[in-house]
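Participant: Sequence order for the protein chains is X and H.
Just add 696 to the spot in the first sequence (first one is 1) and you have the working numbering.
Just add 8 to the spot in the second sequence (first one is 1) and you have the working numbering.
The set of hints was computed from the structure by calculation and includes no laboratory data.
Just so it is clear, the structure is predicted and the values come from calculations on it, not from any experiment.
Cβ atoms here follow ideal geometry from the backbone N, Cα and C, with glycine treated the same way.
Be careful, since some hints might not be right.
[Said to hold, decoys possible] The calculated label-pair distances, taken between Cβ atoms and stated as ranges, are:
#1 H/D20 with X/L698: 50 to 58 Å
#2 X/D763 with H/I29: 40 to 48 Å
#3 H/D48 with X/L807: 28 to 36 Å
#4 X/L698 with H/S121: 49 to 57 Å
#5 X/D729 with H/A63: 55 to 63 Å
#6 H/L58 with X/S969: 40 to 48 Å
#7 H/Y247 with X/L698: 52 to 60 Å
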Amino acid sequence: MLGYVARRVAMAVPTIFAVATVLFFIVRMVPGDPAVYLLGDMATPERVAKLRAEMGLDKPLYQQYIDFMLGVLRGDFGRSFENGMPTMVRVLRAFPYTFELAVAGTILSLLIGIPLGVAAAVRRGSKIDVLITSGTTIGVSIPVFWLALLLIEFFSVRLGLLPVTGVGNNPIERLRHLALPAFSLGIGMAATVARMTRSSMLEVLGKDYITAVRAKGAPWNVTVYKHGLRNAIIPVVTVVGLNFGYLLGGTVLVEYVFGRPGLGSLLIEAVFSRDYPQIQASVFFFSAVFMAVNIFVDILYSFLNPKIRYG
Amino acid sequence: MDGLIKIGEIRDYPSLLAGLIIVLAVVFIAVLAPLISPYDPIKQNMPHALQPPSAYHLLGTDPYGRDVLSRIIWGARVSLYVGLLSATIAMIIGVPFGALAGQLGGTADVLLSRVIDVMLSFPGIILAIVVMSILGQSVNNTVLAISLAMIPRFARLARGEALQLSVQEFVQAAKASGAGNLDILVHHILPNILSPIIVQYSLSIGSAIMIEAGLSFIGLGVQPPTPSWGEMLSLGRQYLYTAPWLSLFPGLAIMLTVLAFNLLGDGLRDVLDPRLKRV
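Work out the full structure: start from the sequences and follow the hints.
Facilitator: Given below as structure tokens:
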């Protein structure tokens, strides 16, 4: 098991280096001189040259690349053009807001999706099944940012129940501020979870051991939940993990709508102010988290299902 | 492809039928936009600003007095253009590369798989956002950014399918009889992986439309005054309290169109690949 974990982590190392390399070159593809952009067109050549030297832009490309990669190793992506703060510090400050949103969205999607999927599978072919199955097809087609607007319109504008923007400064307020963003994010994912739970449950419920459990006289509920769901949950875990990237992408839009100061808002802000070091740091962090989650899911999967453990 | 159905049997595939009908409807609306759109989608008409839905403006007007229905009708053009073109480009680039890697195996496969891994380690919309920030905002750059984000999906799918095919007898036989790699790819691999690719293509059009709407919503995609559903929603966001219709209808248009391509994809899967038919 430990060997498998180590190998899986080792496999990610070249990928993460490649990601950093892509980020280095992608920013250098931007037309124009960042120093000129920062100082404006009116800046004297001396000032531009000085800033270029400070930013390391006067060095040869390979030297810039080496400096950049050494910085990546130390977690140092340079300072933000916007306010001079170290970009990674800004990323780490924003991350908790994104993290709590992603976790809350995932939990909601499981709480909604799994029971719906089980209900549909158990009553396969019934009206309930048709309703849930069509519902999930619609669910995956709803744009998260539109759902966010509808939820704001209903719960905040009409009913005045929940706040629209900000994050709140005590635990209860924080939860209240999290509710709408988490729902916006969780509904689409819940649809995916429900779909996967349904098909996985149907497969499991058709297995011989389920028939055996039934023949033994176990009640239907015990059969479904203890023997069925337990085995059906494995592919669901994988789907949740694999969709985490989609979820992270969704947080960008949801944070934008609700004005949450997370990673997504930081990225969008950086894009609009052409704060390239900040873009690099934010995207790198997004990718790193995404990869870490994928590794975690692989490990969890091999843990839940010893059949596929190859290590 | 022997999985094709006769026209009369299409009723046995409700998702395919529903998806096809909505997709065709959206295509007609987009093509006929100049004929059916009641007003000019771009010309401002300030005295009529922010009117709720009425007999004159079925879906109301926006803060510049433009007719929301007309903008949705014209917006269908942008959505379809970006959706179809980005999915097509992603498919044309991703499939041959992926298939070739799967077919050849060895170093080529390892290299390509690493490239796919790297591309997949950026969540799609984030990759698109970064690319847009470098290319600058325009419709065609949006297409480029989205295609780039979707290439790995096609490459990974094609690779997996080709890998399975490459060990089968008919491919081995072709190889033994001296067929070149390109020949095998074109005549033996590609025709046999078409079904899952077509399904993925339909689903990808839906995702591309969704990403375009997202990019335009945050102001990085299609730029005003070109009517785009995402851009309309971003305007609607500023008027949630006073003009909720601005946020309702463009979102409905996005949802219906994405839903249609998803239904079409699911339906095609049922038709083309009975093995995968959902139980």
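Participant: Compare the structure with each hint and give your call.
Facilitator: Do the hints match the structure? See the list:
With their beta carbons about 52 Å apart, H/D20 and X/L698 fall inside the hinted range of 50 to 58 Å. Here the CB-CB span from X/D763 to H/I29 is close to 58 Å, at odds with the stated 40 to 48 Å. For H/D48 and X/L807, the hinted distance range of 28 to 36 Å is not satisfied, since their beta carbons lie about 48 Å from each other. Taking the beta carbon of each, X/L698 and H/S121 are about 25 Å apart, not inside 49 to 57 Å as hinted.
Checked against the hint of 55 to 63 Å, the C-beta distance between X/D729 and H/A63 comes to roughly 56 Å, which is consistent with it. The hinted range of 40 to 48 Å is not satisfied by H/L58 and X/S969, whose Cβ atoms lie roughly 31 Å apart. H/Y247 and X/L698 have their C-beta atoms about 57 Å apart, which keeps the hinted 52 to 60 Å range intact.
Checked against the numbered hints above, the structure breaks hints 2, 3, 4 and 6 and satisfies the rest.
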